[in-house]
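Line by line, the protein sequences give chains A and B. Last residue of the first sequence? That's 114 in this note's numbering, and every number before it is there in order. Last residue of the second sequence? That's 617 in this note's numbering, and every number before it is there in order.
Treat the hints as calculated values from the structure; they're not laboratory data. These numbers come from a predicted model, not from an experiment. Among these hints, one or two may not hold up.
Said to hold, decoys possible - Subject to a maximum C-alpha distance of 30 Å in a straight line, what follows is the list of computed DSSO-like cross-link-like pairs (lysine-lysine):
{"id": "1", "chain 1": "B", "residue 1": "Lys561", "chain 2": "B", "residue 2": "Lys574"}
{"id": "2", "chain 1": "B", "residue 1": "Lys574", "chain 2": "B", "residue 2": "Lys559"}
{"id": "3", "chain 1": "B", "residue 1": "Lys561", "chain 2": "A", "residue 2": "Lys75"}
{"id": "4", "chain 1": "B", "residue 1": "Lys507", "chain 2": "B", "residue 2": "Lys574"}
{"id": "5", "chain 1": "A", "residue 1": "Lys5", "chain 2": "B", "residue 2": "Lys559"}
{"id": "6", "chain 1": "B", "residue 1": "Lys559", "chain 2": "B", "residue 2": "Lys575"}
{"id": "7", "chain 1": "A", "residue 1": "Lys61", "chain 2": "A", "residue 2": "Lys5"}
{"id": "8", "chain 1": "B", "residue 1": "Lys561", "chain 2": "A", "residue 2": "Lys5"}
{"id": "9", "chain 1": "B", "residue 1": "Lys559", "chain 2": "B", "residue 2": "Lys522"}
{"id": "10", "chain 1": "B", "residue 1": "Lys559", "chain 2": "B", "residue 2": "Lys507"}
{"id": "11", "chain 1": "B", "residue 1": "Lys507", "chain 2": "B", "residue 2": "Lys575"}
{"id": "12", "chain 1": "A", "residue 1": "Lys61", "chain 2": "B", "residue 2": "Lys507"}
What the hints assert, rightly or not - Cβ pair distances, simulated, as ranges:
{"id": "13", "chain 1": "B", "residue 1": "Leu545", "chain 2": "A", "residue 2": "Ser32", "range": "19 to 27 Å"}
{"id": "14", "chain 1": "A", "residue 1": "Asn100", "chain 2": "B", "residue 2": "Arg577", "range": "17 to 25 Å"}
{"id": "15", "chain 1": "B", "residue 1": "Pro599", "chain 2": "A", "residue 2": "Ile17", "range": "30 to 38 Å"}
Unchecked claim - Covered stretches of chain A (chain B as the covering partner; in silico rule of three or more C-beta atoms under 8 Å from a C-beta of chain B):
{"id": "16", "stretch": "23 to 29"}
{"id": "17", "stretch": "70 to 77"}
{"id": "18", "stretch": "95 to 102"}
For each residue, glycine too, the CB sits at the ideal point set by N, CA and C.
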Amino acid sequence: KNQVEQSPQSLIILEGKNCTLQCNYTVSPFSNLRWYKQDTGRGPVSLTIMTFSENTKSNGRYTATLDADTKQSSLHITASQLSDSASYICVVSARNQFYFGTGTSLTVIP
Amino acid sequence: DVKVTQSSRYLVKRTGEKVFLECVQDMDHENMFWYRQDPGLGLRLIYFSYDVKMKEKGDIPEGYSVSREKKERFSLILESASTNQTSMYLCASSPPGEYYGYTFGSGTRLTVV
Numbered sequence: 005k006n007q008v009e010q011s012p013q014s015l016i017i018l019e020g021k022n023c024t025l026q027c028n029y030t031v032s033p034f035s036n037l038r039w040y041k042q043d044t045g046r047g048p049v050s051l052t053i054m055t056f057s058e059n060t061k062s063n064g065r066y067t068a069t070l071d072a073d074t075k076q077s078s079l080h081i082t083a084s085q086l087s088d089s090a091s092y093i094c095v096v097s098a099r100n101q102f103y104f105g106t107g108t109s110l111t112v113i114p
Numbered sequence: 505d506v507k508v509t510q511s512s513r514y515l516v517k518r519t520g521e522k523v524f525l526e527c528v529q530d531m532d533h534e535n536m537f538w539y540r541q542d543p544g545l546g547l548r549l550i551y552f553s554y555d556v557k558m559k560e561k562g563d564i565p566e567g568y569s570v571s572r573e574k575k576e577r578f579s580l581i582l583e584s585a586s587t588n589q590t591s592m593y594l595c596a597s598s599p600p601g602e603y604y605g606y607t608f609g610s611g612t613r614l615t616v617v
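Just chain A, with the same shape it has in the complex (with noise of 0.2 Å):
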């Protein structure tokens, strides 16, 4: 079965601080994967985008990792803001379906 997870399902964290998220996947045939930020009350605005071929991909302070063989990533945020806190949701795609994770619920506090 096509599933993507997430962990944690929340994080808080200090602003400043660093912090990591993960996705796991077992979606097949993988075509590419999108971490996509979405702020309370709002829609989800794509971050990042990896396909098969790349490993590591940087938007500002958020780095996103892809382990294609383990079926991992990571987003990784850098001395994070206080307008980070966000949800943060993992979406696969295959076969023209895109496969959404359930979000890592992220705050950061002062």
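Given chain A, work out where chain B should sit, using these hints.
Frame of chain A, contents of chain B only:
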């Protein structure tokens, strides 16, 4: 700036009412989607459309219908709203293929009382 616009941010409707959720995109995308998002369940696909007047059922179509009369507009219809349809509804659009991903609207928070 490209956009997917959902007509209402918040809606409160009564049980049994017919509810229309409107979505318009200005990117000339072929594909449009309706999802609902509930805590702990993530996004679940209700209906999608790859072309005008075309529609396909997603994972949870029961109690919903859709209309796509024009390329830029995709409407979600709740024929007879029920309390278990209280949710956040997200519209998205995309070009053909998997690489480009979705552009989402800001969502409509629907409460059925």
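Going through the hints against the structure:
| no. | hint | result |
| --- | --- | --- |
| 1 | B:Lys561 <-> B:Lys574 | holds, 19 Å |
| 2 | B:Lys574 <-> B:Lys559 | holds, 12 Å |
| 3 | B:Lys561 <-> A:Lys75 | holds, 29 Å |
| 4 | B:Lys507 <-> B:Lys574 | holds, 16 Å |
| 5 | A:Lys5 <-> B:Lys559 | holds, 25 Å |
| 6 | B:Lys559 <-> B:Lys575 | holds, 12 Å |
| 7 | A:Lys61 <-> A:Lys5 | holds, 28 Å |
| 8 | B:Lys561 <-> A:Lys5 | holds, 19 Å |
| 9 | B:Lys559 <-> B:Lys522 | holds, 20 Å |
| 10 | B:Lys559 <-> B:Lys507 | holds, 22 Å |
| 11 | B:Lys507 <-> B:Lys575 | holds, 14 Å |
| 12 | A:Lys61 <-> B:Lys507 | holds, 25 Å |
| 13 | B:Leu545 <-> A:Ser32: 19 to 27 Å | holds, 23 Å |
| 14 | A:Asn100 <-> B:Arg577: 17 to 25 Å | holds, 22 Å |
| 15 | B:Pro599 <-> A:Ile17: 30 to 38 Å | holds, 36 Å |
| 16 | 23 to 29 | violated (count 0) |
| 17 | 70 to 77 | violated (count 0) |
| 18 | 95 to 102 | holds (count 5) |
In summary, the structure is inconsistent with hints 16, 17 from the numbered list given earlier, while agreeing with the others.
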